[in-house]
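Asker: Build the full structure now, drawing on both the sequences and the hints.
Its first residue numbered 1, the sequence shown is counted upward by one per residue in the working numbering.
There is no bait here: all hints are sound.
In silico EDC-like cross-links for lysine to aspartate or glutamate, where the CA-CA straight-line distance does not exceed 20 Å: (1) K20 <-> E37; (2) K54 <-> E37; (3) K54 <-> D10; (4) K54 <-> D42.
It should be emphasised that the hints constitute simulated quantities derived from the structure, not laboratory data. On a predicted model such as this, the values are computed, not experimentally measured, just so you know.
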Amino acid sequence: MQLNQDNLTDLAMQLSARRKSQGLTRSQLAGVCGVSESFIRDAESMPGRCSLAKLMVLGQGLQLNFTVSGWAVEASPSNSNASSGGQA
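Answerer: Below, the structure is given as C-alpha coordinates:
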(Lines of atoms letter the chains of each structure in order from A; the text may use other names.)
(Lines give C-alpha, C1' and ligand atoms only; values in the text may rest on other atoms or scores of the structure.)
Protein backbone atom coordinates (compact mmCIF):
# COMPACT_ATOMS: atom_id res chain seq x y z
CA MET A 1 0.00 0.00 0.00
CA GLN A 2 1.38 3.37 -0.96
CA LEU A 3 0.34 5.83 1.72
CA ASN A 4 -1.06 9.24 1.09
CA GLN A 5 -3.64 11.48 2.76
CA ASP A 6 -6.44 9.84 0.81
CA ASN A 7 -5.87 6.28 1.98
CA LEU A 8 -5.08 6.66 5.67
CA THR A 9 -8.49 5.12 6.38
CA ASP A 10 -7.31 2.03 4.50
CA LEU A 11 -4.19 1.91 6.70
CA ALA A 12 -6.34 2.12 9.81
CA MET A 13 -8.49 -0.77 8.62
CA GLN A 14 -5.42 -2.84 7.72
CA LEU A 15 -3.88 -2.30 11.16
CA SER A 16 -7.08 -3.32 12.90
CA ALA A 17 -7.61 -6.34 10.64
CA ARG A 18 -4.03 -7.52 11.12
CA ARG A 19 -4.30 -7.24 14.91
CA LYS A 20 -7.57 -9.17 14.94
CA SER A 21 -6.26 -11.84 12.57
CA GLN A 22 -3.43 -12.44 15.03
CA GLY A 23 -5.95 -12.80 17.85
CA LEU A 24 -4.62 -9.81 19.78
CA THR A 25 -6.59 -7.34 21.84
CA ARG A 26 -5.54 -3.70 21.75
CA SER A 27 -4.16 -4.12 25.24
CA GLN A 28 -2.05 -7.13 24.24
CA LEU A 29 -0.70 -5.38 21.16
CA ALA A 30 0.12 -2.30 23.21
CA GLY A 31 2.15 -4.51 25.55
CA VAL A 32 4.02 -6.13 22.66
CA CYS A 33 4.83 -2.76 21.09
CA GLY A 34 5.54 -0.82 24.26
CA VAL A 35 2.89 1.80 23.51
CA SER A 36 -0.35 2.76 25.20
CA GLU A 37 -3.65 1.12 24.42
CA SER A 38 -4.98 4.57 23.49
CA PHE A 39 -2.24 4.81 20.83
CA ILE A 40 -3.46 1.54 19.30
CA ARG A 41 -7.00 2.91 19.28
CA ASP A 42 -5.84 6.15 17.64
CA ALA A 43 -3.73 4.32 15.03
CA GLU A 44 -6.72 2.16 14.11
CA SER A 45 -9.01 5.16 13.76
CA MET A 46 -6.86 8.21 12.85
CA PRO A 47 -3.34 7.13 11.80
CA GLY A 48 -2.69 10.55 10.27
CA ARG A 49 -2.46 11.96 13.78
CA CYS A 50 0.17 9.41 14.85
CA SER A 51 3.91 9.80 14.51
CA LEU A 52 5.58 7.81 11.79
CA ALA A 53 8.03 6.38 14.33
CA LYS A 54 5.26 4.96 16.49
CA LEU A 55 3.38 3.65 13.46
CA MET A 56 6.53 1.81 12.47
CA VAL A 57 6.80 0.32 15.97
CA LEU A 58 3.18 -0.80 15.67
CA GLY A 59 3.82 -2.28 12.23
CA GLN A 60 6.82 -4.15 13.56
CA GLY A 61 4.71 -5.56 16.39
CA LEU A 62 2.18 -6.75 13.81
CA GLN A 63 4.98 -8.19 11.65
CA LEU A 64 4.32 -5.71 8.86
CA ASN A 65 7.03 -4.18 6.70
CA PHE A 66 7.16 -0.53 5.73
CA THR A 67 9.07 0.86 2.79
CA VAL A 68 9.83 4.53 2.45
CA SER A 69 10.70 5.67 -1.04
CA GLY A 70 11.58 8.97 -2.60
CA TRP A 71 13.61 10.05 0.40
CA ALA A 72 17.30 10.71 0.08
CA VAL A 73 19.89 12.04 2.48
CA GLU A 74 22.69 13.94 0.86
CA ALA A 75 26.17 13.38 2.22
CA SER A 76 27.81 16.47 3.64
CA PRO A 77 31.12 17.08 5.42
CA SER A 78 29.26 17.38 8.74
CA ASN A 79 27.35 14.12 8.14
CA SER A 80 30.12 11.55 7.74
CA ASN A 81 27.75 8.61 8.44
CA ALA A 82 25.74 9.19 5.25
CA SER A 83 26.80 7.13 2.27
CA SER A 84 26.37 7.95 -1.37
CA GLY A 85 23.06 6.86 -2.81
CA GLY A 86 21.02 8.42 -0.05
CA GLN A 87 21.23 5.64 2.52
CA ALA A 88 22.64 6.08 5.99
